[in-house]
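Given the coordinates of chain A, assemble chain B onto it according to the supplied hints.
From first to last, the protein sequence lines stand for chains A and B. Just so you know, the first sequence maps onto residues 53 to 167 in my numbering. Just so you know, the second sequence maps onto residues 89 to 200 in my numbering.
Honestly, the hints are just simulated from the structure, not real lab data. Just so it is clear, the structure is predicted and the values come from calculations on it, not from any experiment. C-beta atoms are modelled at their ideal positions from N, C-alpha and C, and glycine is treated no differently. Where hints are given, some of them may not hold.
If you only want the chain A side, here are some residues facing chain B, beta carbon under 7 Å, derived [unchecked claim]: (1) Ser91; (2) Gly95; (3) Leu100; (4) Phe157; (5) Leu167.
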Amino acid sequence: AQSVTQPDIHITVSEGASLELRCNYSYGATPYLFWYVQSPGQGLQLLLKYFSGDTLVQGIKGFEAEFKRSQSSFNLRKPSVHWSDAAEYFCAVGAYTGTASKLTFGTGTRLQVTL
Amino acid sequence: DAGVIQSPRHEVTEMGQEVTLRCKPISGHDYLFWYRQTMMRGLELLIYFNNNVPIDDSGMPEDRFSAKMPNASFSTLKIQPSEPRDSAVYFCASSQNYNEQFFGPGTRLTVL
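Chain A on its own, in the form it takes in the complex (with noise of 0.2 Å):
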């Protein structure tokens, strides 16, 4: 079965600076990879998708991620934090099952962003 670990619960950064959020996937084949956002109240929006081809992908509000099959890791990162992008990040692994991808989520990482 696979799993997601998200290590960090809770990041501040100032806005401005860069942001790295780390994810780490477990499954026993080529992985689909996802990274949604949730703000506060709301549902899930894709940020970024990986399926296969370029490992560095490009997502939606200046984010992209990178995955690493060596280190079996697919960190959401951004060059420059706005105040809106304090929310909640959740790194998923999806399984083909043959008729749709299962999604198992990590934790989250909630980022707060100070002005």
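For chain B alone, kept in the frame of chain A given last:
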């Protein structure tokens, strides 16, 4: 498209009562997922449907929970009887095959 629609957005009920949560997926999406989010357990997949047929309900916690999808535009998640430990945010999501899942805003359930 309006996105995934869930109702109600908030539900407060007393232990032992029946609770029904509703979801309207995005038109054209043939997969529908129900998740539960709690502080203790995070986001858990409860059940998912493909073309209105339940495919995997292994995440449904117990027999008090049931889900149906009578047509392509409507699904319900029912808890009967409800218990305080069912208090959580319940999300519905829809997708086309294995691609991005689109999430609804969630229903915050409080069982007193």
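Right, here's what the structure says about each hint:
1. The beta carbon of A:Ser91 comes no nearer than 10 Å to any beta carbon in chain B, farther than 7 Å, and the hint placing it at the interface is violated.
2. Below 7 Å, beta-carbon pairs count as interface contacts, and A:Gly95 has one with chain B at about 4 Å; its hint therefore holds.
3. For A:Leu100, the interface hint is violated, the least distance from its beta-carbon to any beta-carbon of chain B being 10 Å, above 7 Å.
4. A hinted interface residue such as A:Phe157 counts as satisfied when its beta carbon comes closer than 7 Å to some beta carbon of chain B; here the least separation is about 4 Å, so the hint holds.
5. Because the smallest distance between the Cβ of A:Leu167 and any Cβ of chain B comes to about 27 Å, over 7 Å, the interface hint for this residue is violated.
In terms of the numbered hints stated before, the structure departs from hints 1, 3 and 5, listed from lowest to highest.
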